[in-house]
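Asks: Take a look at the letters that make up each chain.
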Amino acid sequence: MAICTVYTTQSLNSTCSIYTPTTTKTQLSFHQKQLVLFSSSKRSGSRRGGSNTCVITCAAGDSQTIVIGLAADSGCGKSTFMRRLTSVFGGAAEPPKGGNPDSNTLISDTTTVICLDDYHSLDRTGRKEKGVTALDPRANNFDLMYEQVKAIKDGVAVEKPIYNHVTGLLDPPELIKPPKILVIEGLHPMFDQRVRDLLDFSIYLDISNEVKFAWKIQSVDTVWRASKASIEARKPDFDAYIDPQKQYADAVIEVLPTQLIPGDNEGKVLRVKLIMKEGVKYFSPVYLFDEGSTISWIPCGRKLTCSYPGIKFFYGPESYFGHEVSVLEMDGQFDRLDELIYVESHLSNISTKFYGEVTQQMLKHADFPGSNNGTGLFQTIVGLKIRDLFEQIIASKAAAPVEATKA
Amino acid sequence: MATITGINLSTPRVMAKTTESPKALPIRSPGLNNPWKRASLFRSGRMYMQPLRAAPDSISEKVEESIKNAEEACEGDPASGECVAAWDEVEELSAAASHARDKKKDSDPLETYCKDNPETDECRTYED
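Residue numbers (our numbering), protein chains in the order written: chain A, 10 to 416; chain B, 6 to 133.
Don't read these hints as lab results, they were simulated from the structure.
Zero decoy hints are in this set.
A few chain A residues that face chain B, going by a derived Cβ cut-off under 7 Å, partial list only:
no.: 1; residue: K137
no.: 2; residue: G140
no.: 3; residue: T142
no.: 4; residue: H174
no.: 5; residue: V175
no.: 6; residue: S239
no.: 7; residue: A242
no.: 8; residue: R243
Since the structure is predicted, the reported quantities are computational estimates derived from the model, not experimental observations.
Ideal Cβ placement from N, Cα and C applies to all residues, glycine included.
Please construct the entire structure, taking both the sequences and the accompanying hints into account.
Replies: The structure is reproduced here in structure tokens:
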């Protein structure tokens with residue numbers, strides 16, 4: 010079965026269908042690139058109701074979708090991060106209305122978040138038969154991932170498959186229109202070089218095994234023995250296919266156990282590191298007091314009183330996989346509002362639009378997990394940096410005439 | 006369901022208690038003042054409320070079943086693809102279960118309605 014959809018994308022975010030070629034006549038007077046994309050993909054036999062999808066699209070060449078990659082274990086459902094990110098842009102991220110209730114996509118006014126699990130080439134049964142995990146590249150269709158992310162980046166809507174996490178099957182596809190910002194979230198956003206090259210910015214969420222384990226034993230779904238076994242069983246694949254991606258990330262958020270409480274293994278108090286690559290276009294790292302210096306800072310003292318176990322910051326230049334990076338680290342947690350404001354006022358280059366914007370964002374989502382520690386703080390800051398990056402890219406595209414479209 | 010009858014039965018009792026004490030001391034049941042604590046409060050008492058945290062049953066059951074399968078699959082060779090894939094399934098299902106739980110927790114009917122109809126009277130919010 011083949012589903013064919015014809016779209017013409019005039020400008021950002023507006024997609025209109027055309028049924029007869031003559032109706033496009035008037036529109037052709039613009040500097041418009043006619044782009045016909047045929048995406049028909051072969052999938053493994055285990056896929057239920059495998060359908061070929063072809064999208065014929067006439068796209069404007071000046072589309073401005075920027076693509077952000079977010080890598081993390083247990084791929085999607087990093088919705089806290091995503092909700093913080095979309096909140097910085099104003100507007101909440103919601104699942105697509107009226108679609109498949111098990112869709113993994115989140116949509117806000119500016120941003121669409123797609124889950125890369127949707128590009129599984131093997132469904133749950135298929136993986137079981139072959140004895141491969143979802144972490145294994147053989148279980149994923151990188152050709153289709155690349156084609157579709159590229160199409161969206163070029164302003165072309167695509168029919169993206171849906172991997173149903175409840176049933177473990179691939180559901181009929183959903184239409185994804187080009188947003189202003191596309192976030193691809195999952196296990197392998199930086200694995201395939203073609204996909205990686207499409208990313209305007211990339212983030213790797215690195216949760217240490219100690220913290221992963223501490224979080225898991227608190228979870229109600231898995232018992233202790235199960236969580237330990239599952240972390241250990243998946244580790245070889247994780248180390249082989251997921252972990253190496255962090256060397257490509259522009260920003261890494263590392264979540265580690267605290268050093269403020271000796272021998273702590275509860276995973277409630279966290280030490281979080283924000284590792285920011287130097288020399289990335291449109292991204293200038295956040296710093297503390299003096300850019301490029303090495304600083305250890307305990308904000309709690311005479312001016313600010315903190316409750317146990319306190320807060321400790323570190324900032325300095327480091328090397329990460331041979332790249333020059335700036336590292337900002339926060340250990341401990343905020344217990345009161347004034348602590349957060351005090352910290353914010355001492356950070357520089359956080360790309361806020363007004364004084365206290367970080368604090369405002371953190372307060373707005375005080376109910377989200379991590380709002381009182383470095384995970385929430387750094388996720389918010391990364392959100393602000395992405396907004397800044399987006400605005401810079403748009404400004405630079407507006408400044409440069411439509412040369413690209415004529416090429 | 007047991008949950009519903011439980012609530013209906015107890016409500017008049019609490020009311021009666023308050024009228025008996027004219028001094029209007031704080032009602033002893035913290036559940037009234039902190040309704041979000043109810044689930045844990047009533048578990049030991051007469052009323053039993055299904056824990057809010059429970060994911061839709063089918064998924065929780067699937068998680069448990071997948072753990073059992075994984076343990077079986079790993080009995081022979083813990084490094085086999087079969088074993089590893091089985092634990093990966095546990096991981097995926099428990100993530101789906103916690104997702105489903107979050108979704109359930111978030112679904113307040115009024116909130117959902119007001120998201121789509123913020124202009125209506127019932128959705129008005131007031132400063133102070």
